[in-house]
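Those protein sequences? They're chains A and B, same order as listed.
Positions 0 to 394 (numbering that gives the first Met the number 0) are the ones given, in order, by the first sequence.
Positions 0 to 354 (numbering that gives the first Met the number 0) are the ones given, in order, by the second sequence.
Any given hint could turn out to be false.
What the hints assert, rightly or not - Covered stretches of chain A, as calculated for chain B (at least 3 residues, CB under 8 Å):
no.	stretch
1	34-41
2	289-296
3	301-309
To be verified - Here are a few chain B residues that face chain A, going by a calculated C-beta distance under 7 Å:
no.	residue
4	Ile224
5	Ala244
6	Ala251
7	Asp263
8	Gln281
9	Leu284
10	Ile307
11	Leu311
12	Glu333
13	Leu347
Bear in mind the hints are in silico, worked out from the structure with no lab data behind them.
Owing to the predicted nature of the structure, the values given are computational and were not obtained by experimental measurement.
The beta-carbon is built from N, C-alpha and C at its ideal position, and this holds for glycine as well.
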Amino acid sequence: MIEIDTRTREMIEEVRELGRVHMRPIGLEADRTAEPPPVDHPFYLICTQKGGLVSRMVGEGEGPGPTALDWKPVRNFLLGEEAAYWDRGVALSLPGPGLGGPGLRSTGTPEQNERWLATFTDHSKARWGAMAMTEPEAGSDVARIQTRARKEGDEWVLNGRKMFCSNSARADWIIVWATVDPALGRDGHRAFMLERDTPGFEILKIEHKMGSRGYETASFAMDDVRLPADHLLGGEEFYQSRRGFKASMATFNLTRPLHTAHGVGMGRAAHDFALDFIRSDYPAQGRRRQRALERLAKIRRGLHTARLMYLNAVWLAKNGKSNALEASYAKLYSPPVVLEAVVAALDILGEAGVRNDKMLEKLYRDVKILDIGEGTQQVQRVVVARQLFDFPRDA
Amino acid sequence: MRDFALSAELEELRAAAERLATAELAPNVRENEQAGRWPDSVVSVLDGFPLGDLDLPDRLGGVGAGVLAKVVILETLAMGDAGGLAAVDRPGSTVGAVLACPDHDLVAEVLTTGRDGSAQSGFTVIDPDSGSTGLDWAPGGPDLRWVWVSEENTLRLHEVTGTPTPLQVLAFQASGGVTVPFDATTVRGTWELSADTSLMVRSRARLWGAAISVGIAQAALEDTIEYTTERVVFGKPVAHHQGNAFDIAATAARIHGARLVVRDAAAAFDREEPHAAFWATQAWLETVDATFAATNLGIQLLGGHGFIVDHLAEKRFREARMLAMAAGARDAAEFDAAAHVMDVPDPLVGTEVAS
Chain A
0 MIEIDTRTRE MIEEVRELGR VHMRPIGLEA DRTAEPPPVD HPFYLICTQK
50 GGLVSRMVGE GEGPGPTALD WKPVRNFLLG EEAAYWDRGV ALSLPGPGLG
100 GPGLRSTGTP EQNERWLATF TDHSKARWGA MAMTEPEAGS DVARIQTRAR
150 KEGDEWVLNG RKMFCSNSAR ADWIIVWATV DPALGRDGHR AFMLERDTPG
200 FEILKIEHKM GSRGYETASF AMDDVRLPAD HLLGGEEFYQ SRRGFKASMA
250 TFNLTRPLHT AHGVGMGRAA HDFALDFIRS DYPAQGRRRQ RALERLAKIR
300 RGLHTARLMY LNAVWLAKNG KSNALEASYA KLYSPPVVLE AVVAALDILG
350 EAGVRNDKML EKLYRDVKIL DIGEGTQQVQ RVVVARQLFD FPRDA
Chain B
0 MRDFALSAEL EELRAAAERL ATAELAPNVR ENEQAGRWPD SVVSVLDGFP
50 LGDLDLPDRL GGVGAGVLAK VVILETLAMG DAGGLAAVDR PGSTVGAVLA
100 CPDHDLVAEV LTTGRDGSAQ SGFTVIDPDS GSTGLDWAPG GPDLRWVWVS
150 EENTLRLHEV TGTPTPLQVL AFQASGGVTV PFDATTVRGT WELSADTSLM
200 VRSRARLWGA AISVGIAQAA LEDTIEYTTE RVVFGKPVAH HQGNAFDIAA
250 TAARIHGARL VVRDAAAAFD REEPHAAFWA TQAWLETVDA TFAATNLGIQ
300 LLGGHGFIVD HLAEKRFREA RMLAMAAGAR DAAEFDAAAH VMDVPDPLVG
350 TEVAS
């Protein structure tokens, strides 16, 4: 069932070259300094000038919406996997709509998609998009978001705080999820387009993290942020017919497989470090080598399964089929497998693996976030249980 | 680009297998287990598929539907009942040996006697360090005549000359069961194969078992959900307790992954990819773990009901273990995967990336 076309293969090679020359070294530097690359880093301009390739690497397509003929999510996710192989943190920091892309796709009208994705057609400057869901009091349980959206005349007024928002401190726009009435629960959710220079928007903090330091993770506040009515993504009718919460969940049906793709890339990196080490440092025969090879095979097995799971989920999305269950399957299965791959690679390297001049100890710190972002493994189990049977919300 | 859809023809075949599994196999599981065979009415339908010839190429008299078609049908039938599959699917798990054997006249004789229902085939993998004095188990009906042996890179075909001993084993009672020592056989041929071809011989047997294993796991999951959403404990259905729900969800994800890797490996064989056998062995390893998890949970969440024969949970638990013994069991598969892992490039991104 595995077949990829020549163009995809060529694009993977392009990403590989970018990764080898730029992303891996930049990621190591960001890890060492605990600072993501600055917005004027020359690499970002190179990426911007490469346009479509880079937007594909971060899970986006070249077209304005999921119906666009050139929306090739399978290809894009494979490129995302390859980018994460070199450095997932740097991959997430790359210019483009980022995680805001899937959010815009799943909620915005064609006109809104065209309008805000046009931001990225100017290749003279690196630009970013972002998406904000998590709040201080609403992490896994996104239904509890408290950021309020109030309609005043032709404007929406937003008040609240968001946290753990990737690239938001450098983004030209952020898709912000808010509620028109907390009492409505999930039905009160709305997605808004918040542009950078809007008065009342303030970056509060850029987090210091254990790993994945190649991209910034920020908190921000919205104090009486006023947005024109047309910044409500999808328009009012969208929420009456589709319901806001389902729209936000639809976003996850693309970002969860993307997370899995990133995990597979990182797991492959761990595998290759271990493979190199076996070749260079292990005896040619004997029980130690045999044991290492068995562990290597197990890494391959898990990563191959995880890859098929994310490809299956995005293939369903591409074909207009429901993929909520398969997206969560992938997100549930893959993070432990990827962590296990890194741990196995560390075991194979032994003491050499934890030296901080080796990539593996960084990978060990980097991968843990995969089991947290876009819904923890526990959240995925809840989602799957609700899909498979009538698992109650108050269980 | 990657395509997970089944062709219209295969979907039609799968639907027919599903009807058979639902209408004929599932309702009669225990009766067939007691009888030690599937009824002739079922066998005649399967001959019409034709089950044994689905994945055999034209040159061997098969229909050339492909390995993917075969694993999909095996999985579907096994959801109804896996018990008789080992006996009715000929050459079944020995298909890799049949394909690898360079003596075409001998292969034709084996296939002909399998198709006319006069002879059964068995398959075993021997560890050269341990050796073996015989075949521990083969399906019992029709009479066992052929025993394929894979020992490292050597393939042998034994013809049974003595009388096999009937044998009760852990599962697959509807396939009957016999054992035979090698000194009650005559070696009809011995061939040295390449390492890759030898792996293919073992891997096709593993893939056969993996496909059945996925069907068993899926059936176990569905029965588990049905029971646990009805049975009430501590004031709510068993499945509504979060600990149980989480286990069901994780198991379902593993089964989904197992199905994907089995079908992927099958499709790799159909495309004659050079490392299809490696991925088939990997698929088997992934699947036997997933199926053990699913069938173990199937008993666990049914509690005492899972342990009694009124439910099928205990049968699937036994079958899962039986399939985990196939083709040299776990050690042989781990050895094979380890022996090839450094030589197999990534199937999608091509050559290995220097880190």
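Results for each hint:
Counting residues of the stretch 34-41 of chain A whose CB lies closer than 8 Å to any CB of chain B gives 0, so the stated coverage by that chain is violated, three being the minimum. Counting residues of the stretch 289-296 of chain A whose CB lies closer than 8 Å to any CB of chain B gives 5, so the stated coverage by that chain holds, three being the minimum. Evaluation of the coverage hint for the stretch 301-309 of chain A: fulfilled, as 7 residues show C-beta separations to chain B shorter than 8 Å, against a requirement of three. Annotation: Ile224 (chain B) was flagged as interfacial toward chain A, and the flag holds, the nearest CB pair being 5 Å apart, inside 7 Å.
The restraint placing Ala244 (chain B) at the interface with chain A holds, with a minimum CB-CB distance near 4 Å, inside the 7 Å limit. Taking 7 Å as the C-beta cut-off, the interface hint given for Ala251 (chain B) holds, the closest approach to chain A being about 6 Å. At about 5 Å, the closest approach between the beta carbon of Asp263 (chain B) and any beta carbon in chain A falls short of 7 Å, and the interface hint on this residue holds. Annotation: Gln281 (chain B) was flagged as interfacial toward chain A, and the flag holds, the nearest CB pair being 5 Å apart, inside 7 Å.
Contact between Leu284 (chain B) and chain A, as hinted, is supported at the beta carbon level, the nearest pair being about 6 Å apart and thus within 7 Å. Among the interface hints, the one on Ile307 (chain B) is violated; its C-beta lies about 24 Å from the nearest C-beta in chain A, farther than the 7 Å criterion. Taking 7 Å as the C-beta cut-off, the interface hint given for Leu311 (chain B) is violated, the closest approach to chain A being about 19 Å. Against a cut-off of 7 Å between C-beta atoms, the interface hint on Glu333 (chain B) holds, since the closest Cβ of chain A lies about 5 Å away.
At a threshold of 7 Å, the smallest CB-CB gap from Leu347 (chain B) to chain A is about 6 Å, leaving the interface hint in force.
Hints 1, 10 and 11, counting from the list given before, are not met by this structure.
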